[in-house]
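There are 2 protein chains.
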Amino acid sequence: MGRSWWGWGTTEGALSESETAALVGRVQALLPGHDFTDHAPPAPDALDLPEPRVAPPDGLRHLCSADPGDRAGHAHGKAFRDVVRNLEGRLDNVPDLVVRPRAEQDVVDVLEWCTSSGIPVVPYGGGSSVVGGVEPRFDGPAVTLDLARLGQVLEVDPVSRCARIQAGTRGPSLEDQLRGHGLTLRHYPQSFEFSTLGGWLATRAGGHFATLYTHVDDLTESMRVVTPAGVVESLRVPASGAGPSPDRLFLGSEGTLGVITEAWMRLHARPVWRATVSLAFDDFWRAVEATRAIAQAGLLPSNCRLLDATEAFVNAGIPVGGGLLLVGFESADHSVEPWLGRALEIARDHGGSVRAITDAGDGAVRDADGAPYGAPGGAGSETVAPVSGVASGGAPAADGGPGTDPGPASGAGPAARWRSAFLRMPYQRDALARRSMVVETFETACTWDRFESVHASVTAAARQALVDLGLRGVVTCRLTHVYPDGPAPYFGVFAAGTWGSTVQQWDAVKAAVSEAILAGGATITHHHAVGRDHLPWYHRQRPDPFAAALRAAKAELDPAGILNPGVLW
Amino acid sequence: MGRSWWGWGTTEGALSESETAALVGRVQALLPGHDFTDHAPPAPDALDLPEPRVAPPDGLRHLCSADPGDRAGHAHGKAFRDVVRNLEGRLDNVPDLVVRPRAEQDVVDVLEWCTSSGIPVVPYGGGSSVVGGVEPRFDGPAVTLDLARLGQVLEVDPVSRCARIQAGTRGPSLEDQLRGHGLTLRHYPQSFEFSTLGGWLATRAGGHFATLYTHVDDLTESMRVVTPAGVVESLRVPASGAGPSPDRLFLGSEGTLGVITEAWMRLHARPVWRATVSLAFDDFWRAVEATRAIAQAGLLPSNCRLLDATEAFVNAGIPVGGGLLLVGFESADHSVEPWLGRALEIARDHGGSVRAITDAGDGAVRDADGAPYGAPGGAGSETVAPVSGVASGGAPAADGGPGTDPGPASGAGPAARWRSAFLRMPYQRDALARRSMVVETFETACTWDRFESVHASVTAAARQALVDLGLRGVVTCRLTHVYPDGPAPYFGVFAAGTWGSTVQQWDAVKAAVSEAILAGGATITHHHAVGRDHLPWYHRQRPDPFAAALRAAKAELDPAGILNPGVLW
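One line per chain: the protein sequences are W and E, in this order. As numbered in our numbering, residues 1 to 569 make up the first sequence, in order. As numbered in our numbering, residues 1001 to 1569 make up the second sequence, in order.
Stretches of chain E that chain W covers, calculated by requiring three or more beta carbons in the stretch to come under 8 Å of a beta carbon on chain W:
no., stretch
1, 1223-1236
2, 1246-1256
3, 1324-1336
4, 1523-1529
5, 1535-1546
Not everything, but these chain E residues come out facing chain W in the computed CB check (under 8 Å):
no., residue
6, D1157
7, T1214
8, A1549
So, partial list: chain W residues that the calculated Cβ filter (under 7 Å) puts toward chain E:
no., residue
9, A239
10, S253
11, S331
12, T523
13, V530
Please keep in mind that the hints were generated in silico from the structure rather than gathered at the bench. Just so you know, even glycine gets a beta-carbon here, dropped at the ideal spot from N, CA and C.
Based on the provided sequences and hints, a complete structural model is requested.
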């Protein structure tokens, strides 16, 4: 399938005419009067890209592409502002070459060439950055180093449940290659289909699990990183106390310190037992209390996502007074009934009422058909408990899903339907972007004691920014990850924008929101990385002496300063 | 109580005559014929320390001590080789001054003075390093910066369950200050009584929990670090994806990059439900399989420690064929019965037989009196389930204890007895060191697939080293922490040494063992840090470009190179 040069995913994956009509109909109900005129993307050949300013040495020529579609497709990430600029044909910075190494030595050779020639290199995984992380937004030539051909699981250790995986491996391929071993990484960012292991590591991605195994950092056993100063290979051990962790220097380095080529990753046995429940609350803050209590109970659910009323309605069509809480557990080893049962107790104690499963009254948790939860699935299969109602029908999961598996579809059941909704969401965003909507998300994390004020100030800042812009729109909130000490709130904006101005309109909202986040003591990003778009606020949050130390480390590893200039510094 | 200048803990805490006689009797049975002559430590005044080579500026004089006992007491850590050198009066490197800041500004001032004067500074928490981390083993003058007076819990956030704690706070004081809030850090390294939060952070200490919450790294929300280049304060959030983690640069920096002055730490509600079971195995490798299965089941026990037969006999007096497995769960929120029940099933499936609790046959886990496990304790109290037999009687816990609480005693019950054994162990080591025994431990971590070979080669190396030295002795092994991808094995050596040579004898064993650890692909330390003693092997395990990057970061933060020279580089 062909990757879309301008938008999410593949060209074949874009919304069909009938899907588009249905989507437009839903949004029209929300924002009547908006001009839904479709603005189609230009053809890449019509972009009139400047000629490449660099030519590769002979030894690297076979890895290089100067094809206009290739170059245009690597000019931006996949944020709303990237997609709209593509639609407008505004490609101010396009890589001169796209280089696709076939082996680690190719990466070494490319960095040598670019170091000696002073050519900036943008490491590129799946290109799904939403923060300008892969955009060569600087003067002079640029080489984009696309790791797509380093896509193999090289080694599996079934005893320690780990695998050595090349950095360019995309989510579905990674899971496909592990499936035969009965193992899974279970790291499902929404970009799963079009992002890579190396990209996840370089950006400290957040995935499927709402607690405990949230960031890819903690799934990482060891890494190999090619830097201009040599290859860094960390020791493959389950834990160490020997000096500062080498891996933690490169996790989050966003291509500025080196190019991650492979990693040993910690895996799980494929889950057999699984159950999810959805609970409605009349009051959002009671729901927040319930969520915090569950997060602090030590139950460690795989899923614990709270949607505010607007979010529940917009994304799932569920009317609730205050909030909808989705809680799920999964295990390859044991029934999850006691875990789910206790989470249910806590939620009920805080005023939650079960929407999707019923308690038969004898303490056992059952689904609507009376079958007990936690029953094992078929031999080796990933059985999703047949939850009726919300959780199986189409609850939102732009951030990784409510405990069900966005992995391979297992038929026409809830999991397949869920997976479909999960994977279609970015395509819907693109369809709305073409129709002058401002549709984007932002996320953060803060401690529980600050959440109420962060929520209030951030929501107010977003709404005020829309008012200042003269735009009608809504701001939604959900909690995508929860920790014992605080949540990671994820906000959505749907606004009726003005064609030709939607990037600036979004940028204004984003700036207002980022100021509110900083003022509230929350992080500028929980799992979308810094890139170039978050840089002004990151600079203000990063302690100065640490910034100086990090820059000194970079000068040692990348003396010519070729690696992803404009990111982190 | 007065700190012992030469050995562990307080002078009042040393073994009584009758305790010593009983200990010597036990070891005599193991190693008959050894010369148990007692070698008493010299008085510090008799050490004839050189005059201090530096004088503080007037503004810092009130914080400084040049008392001989103070200086001698800060010359070494508390490793076997430190204690023996003290007993022999071999203090080759003694700090010229001990400085005790009363506020963070004092730390800033001391670093300014030492930077401008080029005087090395050794940051000092509780002084319990077992790797030469606090020993000024270098030429020229030295100032030891003892943070003991920065010992307050400054702020408690009960909503997010966190506290802001000064770095010099020792374990018992930290827990005392949190108790009124119903909160606990539950980080119990064996050094708990005489080590500090700052020391734990600087050395990436390992504590009480055998799974999940093992290293103090993961309990850390944010930190304040004074460097010669300025103060680093990281953002207080539950998680972030904004660039490489600042905290992870300073965790494990062992006083070389800055002086940690305070940290926000993640806390737990005090546990109410708790249960521990001990299981005997006829075969050590079947017991290892059981341990791995439990570690990979997602049950996340608070305790999961496996002792080999020698370890079980030497430390607990329990005869088992192959191994003794201690598994414990605890919770402030819910009965732990389902968790313990499943762990028991797994252990039994692998041939384990319960020693300390019985299964009543109806699926409920009960103690010997028939009361179900997981019953809540009294209101707010820390009730230890009245386990009969091994787990309550005196199982070994040199590494943090088998699920019971080495915190404040709650009467004369099992917890109090356990706490006593746990805290007495270093005093016993000192009594044996005075009597020419070589008594020391070493630890590592490796993946499960490598454990059998690491265990074999490391044990063989230690035994061969003893043979080469002409010493009789035993080598024991236990697993102190277990991860889904591998264990942290902890080895003990008890050998009949030769007075005047026991340091060299231990060093020879340690060198042989360290070579075997490196050859086996295991880490040179899981939780004892690098210090000066592990340096040669750390150098060989640390990737060279990372070492260069770290050194560049240090040059930025500590341009005069005054901070703990000889550690990490």
